[in-house]
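S.K.: Okay, so the sequence shown: first residue is 187 according to the numbering used here, each after it adds one.
Be aware that one or more of the hints could be misleading.
As the list claims (entries may be wrong) - Cβ pair distances, simulated, as ranges:
| id | residue 1 | residue 2 | range |
| --- | --- | --- | --- |
| 1 | F508 | I246 | 22 to 28 Å |
| 2 | V299 | L442 | 31 to 37 Å |
| 3 | I379 | G433 | 48 to 54 Å |
| 4 | W434 | I379 | 44 to 50 Å |
| 5 | T272 | R346 | 37 to 43 Å |
Since the hints were derived computationally from the structure, they do not count as laboratory data. Ideal Cβ placement from N, Cα and C applies to all residues, glycine included.
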Amino acid sequence: MSDQMNKRSLGQIIQPYIQMFDVPLILIVSMILAVGTVTLYSAGIDFPGRVEDHVRNIVIAFVVMWIAAAIPPQTLMRFAVPLYVTGIVLLVAVAQFGLIRNGARRWVDLGVVVQPSEIMKIAMPMMLAWFFQKREGVTRWREFLVAGLMLIAPVGLIMRQPDLGTSLLVLAAGFYVIFLAGLSWKVLVAAAISVAASLPVVWSMLHDYQRGRVLTLIDPTTDPLGKGFHIIQSTIAIGSGGITGKGWLNGTQAHLEFIPERTTDFIFAVFSEEFGLIGNCVLLFLYLLLIGRSMIIAANAPTLFSRLLAGAITLIFFTYAFVNMGMVSGILPVVGVPLPFFSYGGTAFVTLGLGVGILMSIQRHRKLMQS
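Kindly produce the complete structure, drawing on both the sequences and the hints.
M.R.: In structure tokens form, the structure reads like this:
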């Protein structure tokens, strides 16, 4: 009897902490993490300590996830403006006296090195969701114009660093909120026409390496040992995997070091070579489950703020996966976007973990409101 009581009391102690997590969502994320860790072990076999660091990053992401899940959406809404303003200030600081690495000025030293553009991936949709929540029921073209200006400011600062990949992710995150807030399709068509008309101007503003990425996408064989090397080798790896793959640890493209950045941006090529088309279908199914569960949470969210924020986070997951798989497969330019919960990385893991935690917070507090 005493043992049963001890077990019961232990369960009662642990239960409140476990209840923070949405079970379907955490299971899906855990399965993607498991597959990603197995693939990373193979891809990073020549990088001592890479797997250990990856596991550490997963633990940190889970801690961030748990903390975010414990914070009510109403409290998250209060952080929207301060977080956005802090991100803008830090982006300006980067432009003025940021650290330069590999020709890019993306970091600022505050005692610890910080990359403010990563903050904006979450701060931007939070800010716009807060903005439309405050104007619920009175949304007019002026509100969408103001929202657009709030979005353009950080995106412009990030592009100047230059960091095309992150700027596109922040732009997408903000656009999703504006779209979900009720942006007219007529406006979208007009905007698309305007963007198409401005392409010559945009092209002239791109850096040489960014133009090279677009030209290489069209024909990577024009520079097979230079700018086209990434795409050529990754597509060879994907194609050589066939239906069933070469088997775990047996990928020749990866282990003969033909695939660049094989533990980060191009880890999908390693996975495709070793697990083939069947493995790719399983991975795509897991991402569809992640997006589907996130969409259910967004659809059932009780407030406009939580619906917009959850919807934007869901579409961010989709954008990460689509852009990464697209660039590795050679159908999109190489823009340095990691595969979510799969690629090796620290900051991206924290950002993604925060996003999942926010979704769990929205789902958990919706249940509390209904009970």
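S.K.: If you test the structure against every hint from before, which numbers come out violated?
M.R.: 5
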